[in-house]
Amino acid sequence: MVSIKLNNVSLVYKLHEKLTLSAPDRRVAGPGGRIEGSGRKQFVQALDGVSFDLKAGDRLGLVGPNGAGKTTLLKVLYGIYEPTDGSVDIEGKVDALFNINIGFRREATGRRNIVLRGLISGWTEAEIEEKMEDIIAFSELGDFIDLPFKAYSQGMAARLAFSAATALDPEILLMDEWIGAGDASFQEKAKRRMDELAEKAGIIVLASHSEALIQSVCTKKLTLRSGRIESFTTEPVKRVGAVAKSS
Amino acid sequence: MIAALNGAFDDISRAMRLHRVWIALAHEDIGDQHRRTTLGPLWLLVNYVAFVGTFVFVFQPAGRDAAGYSAYVAIGLLVWFYLMEVMSMSVSLFQREESFIEGTTLPLFVYVMRLGLQSVIRAGYAIAGCVAILVFSGSPVATPWLWSLAGLLLILFATPALITVFAFLGAFFPDSQFIVGNLLRVGMFFTPVFWMNNSQDPIQKYAYEWNPFTYFLEIVRLPIINGEFPAHAFTVTILASLFTWAIALLLLGRYRKQIVFLI
Ligand SMILES: Nc1ncnc2c1ncn2[C@@H]1O[C@H](COP(=O)(O)OP(=O)(O)OP(=O)(O)O)[C@@H](O)[C@H]1O
Ligand SMILES: [Mg+2]
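If you're matching them up, the sequences are chains F and V in order.
According to our numbering, the first sequence holds residues 7 to 253 in order.
According to our numbering, the second sequence holds residues 2 to 264 in order.
Mixed in with the good hints there might be a few duds.
Result set (DMTMM-like, lysine to aspartate or glutamate): computed pairs, CA atoms no more than 20 angstroms apart in a straight line [to be verified]:
1. F:Lys61 with F:Asp101
2. F:Lys226 with F:Asp189
3. F:Lys11 with F:Asp101
4. F:Lys20 with V:Asp33
5. F:Lys195 with F:Asp175
6. F:Lys47 with V:Asp176
7. F:Lys227 with F:Glu205
8. F:Lys197 with F:Asp59
9. F:Lys99 with V:Glu86
10. V:Lys258 with F:Asp95
11. V:Lys258 with F:Asp140
12. F:Lys61 with F:Glu113
13. F:Lys20 with V:Glu103
14. F:Lys195 with F:Glu217
15. F:Lys20 with V:Asp30
16. F:Lys226 with F:Glu236
17. F:Lys156 with V:Glu99
18. F:Lys197 with F:Glu183
19. F:Lys226 with F:Asp91
20. F:Lys156 with V:Asp11
21. F:Lys156 with V:Asp176
22. F:Lys195 with F:Asp140
23. F:Lys195 with F:Asp101
24. V:Lys258 with F:Glu217
25. F:Lys99 with V:Glu29
26. F:Lys156 with V:Glu210
If you are wondering where the hints come from, they were derived from the structure by calculation, not from laboratory data.
Using the sequences and the hints given, assemble the complete structure.
In structure tokens form, the structure reads like this:
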């Protein structure tokens with residue numbers, strides 16, 4: 007059964023500052039996590055006692071100001087960061103879309119990048135080959151698929167990243183503010199694909215600053231502020247898709 | 002300690018299951034390095050042969066046969082360049098892989114194997130050149146060559162451990178990137194790459210006997226040059242490799258989750 011359980015998760019970034027001659031310590035409370043420590047050793051408390059549970063079919067929207075800890079939380083869920091404290095229990099195959107350019111080679115063609123991406127997610131060449139045409143068709147990149155990745159625009163890169171990540175049937179999909187780059191028609195298509203994924207009893211966690219996007223995709227909303235949970239609303243706001251269907 | 006070893010073996014076995022990833026990436030790397038060049042990776046061969054030629058021309062000891070000395074230098078440079086490349090690339094390994102380490106959950110050993118395979122492929126071109134020089138210089142192809150082959154395999158076995166140790170070193174102490182680079186440049190003169198130990202000069206004798214790299218070179222070179230099995234050199238190299246592996250496993254098991262916070 008696909009599920010995510012976080013219990014009292016904290017994460018501290020340690021900063022190993024170089025010796026500096028500039029004026030020390032003039033701190034103002036900023037938008038991000040809390041900075042602690044002084045001198046050469048500094049810490050940023052990026053997550054502080056975060057607990058929540060998600061089950062199959064949940065679509066969680068992560069919101070909060072810059073530096074609230076959204077990206078950090080997604081990376082903890084993906085397993086890139088081991089939490090400093092607390093426990094993370096995840097059942098299901100996780101895939102993630104962070105920075106669009108991560109995991110892509112600039113010199114390789116889009117097609118080759120899809121293969122590499124698939125291999126990294128643990129797929130065999132045969133399985134990737136099987137999905138290849140689907141991925142290319144969904145991305146609508148056409149002939150550009152055989153051009154090097156460095157020749158892609160931001161939106162084209164986002165299309166490739168999203169198509170590849172979702173075609174490989176993840177059970178849990180983590181997304182960090184990726185969608186802004188895609189144009190309206192692709193966003194619409196991407197939304198539909200996320201709906202399908204969630205209906206197949208998957209979990210989606212999406213960090214975004216776009217209230218409209220969160221409202222149309224997500225069924226739950228978690229607000230972070232300075233690494234702490236400010237609110238966790240389970241039954242939100244209108245579902246655009248549902249409204250459209252019922253009318 | 003046991004937990005650390007378990008962690009290390011878990012990392013390694015996951016990396017081995019993902020062998021397709023590092024094989025594909027290593028090939029991409031080689032391709033990228035030589036993109037848009039006419040000779041492509043053949044430049045590696047040209048480089049190597051040019052180096053050997055220069056050394057033979059400049060340092061050939063008076064009264065010695067040129068053929069024997071070219072064989073000596075050819076093997077010395079082959080092994081030394083390989084080790085040097087492996088070590089100097091390893092210290093910045095995790096920094097170079099930053100975007101993958103911060104964006105995917107690939108086990109660290111994937112990056113180790115990626116660099117290892119890449120170095121082996123590059124060394125392959127030098128090996129081709131080396132064999133050509135050996136045959137050309139008239140070294141008779143004989144059974145002791147098999148010991149040299151065993152020596153190469155032993156170096157191959159030690160490679161991932163060396164990469165791991167140097168990669169962690171570079172991640173924990175960024176200054177070491179510069180120190181290692183400088184030491185390697187100087188190290189060439191303290192390793193019998195192109196000079197021969199005549200046991201007369203005490204400094205030379207010291208540099209020969211107390212430098213672990215001497216033995217890595219000699220296990221490949223002595224069987225071909227002298228037609229003998231260098232038991233002592235093999236023993237030292239095997240012990241050094243096992244020691245390096247032990248450290249590599251401990252580092253990998255204990256600190257692999259910390260790397261993402263350090264780079
Ligand atoms: N690699 C790092 N080293 C040190 N501190 C970091 C690092 N990454 C993030 N932080 C800090 O952790 C806190 C949370 O950052 P995070 O990137 O998770 O925020 P976010 O909610 O994703 O912000 P944004 O909306 O701008 O994307 C911030 O205070 C940030 O300064
Ligand atoms: Mg962010």
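Evaluated hints:
1. F:Lys61 with F:Asp101: Cα-Cα ~16 angstroms, so holds.
2. F:Lys226 with F:Asp189: Violated, at about 25 angstroms.
3. F:Lys11 with F:Asp101: holds (17 angstroms)
4. F:Lys20 with V:Asp33: violated (35 angstroms)
5. F:Lys195 with F:Asp175: Distance ~16 angstroms between Lys195 of chain F and Asp175 of chain F Cα, so the pair holds.
6. F:Lys47 with V:Asp176: holds (18 angstroms)
7. F:Lys227 with F:Glu205: holds (18 angstroms)
8. F:Lys197 with F:Asp59: It is violated: about 23 angstroms lies between the C-alpha atoms, which goes past 20 angstroms.
9. F:Lys99 with V:Glu86: Between Lys99 of chain F and Glu86 of chain V the Cα gap is close to 38 angstroms, so the pair fails against 20 angstroms, i.e. violated.
10. V:Lys258 with F:Asp95: holds (17 angstroms)
11. V:Lys258 with F:Asp140: violated (36 angstroms)
12. F:Lys61 with F:Glu113: violated (40 angstroms)
13. F:Lys20 with V:Glu103: holds (16 angstroms)
14. F:Lys195 with F:Glu217: holds (18 angstroms)
15. F:Lys20 with V:Asp30: Judged against 20 angstroms, a Cα distance of about 32 angstroms means the pair is violated.
16. F:Lys226 with F:Glu236: Holds, at about 14 angstroms.
17. F:Lys156 with V:Glu99: holds (19 angstroms)
18. F:Lys197 with F:Glu183: Holds - the C-alpha atoms of Glu183 of chain F and Lys197 of chain F are around 14 angstroms apart, at most 20 angstroms.
19. F:Lys226 with F:Asp91: violated (25 angstroms)
20. F:Lys156 with V:Asp11: Violated, at about 35 angstroms.
21. F:Lys156 with V:Asp176: Given pair Lys156 of chain F, Asp176 of chain V is violated - Cα atoms ~32 angstroms apart, limit 20 angstroms.
22. F:Lys195 with F:Asp140: holds (14 angstroms)
23. F:Lys195 with F:Asp101: Judged against 20 angstroms, a Cα distance of about 19 angstroms means the pair holds.
24. V:Lys258 with F:Glu217: violated (34 angstroms)
25. F:Lys99 with V:Glu29: violated (27 angstroms)
26. F:Lys156 with V:Glu210: violated (51 angstroms)
Hints 2, 4, 8, 9, 11, 12, 15, 19, 20, 21, 24, 25, 26, counting from the list given before, are not met by this structure.
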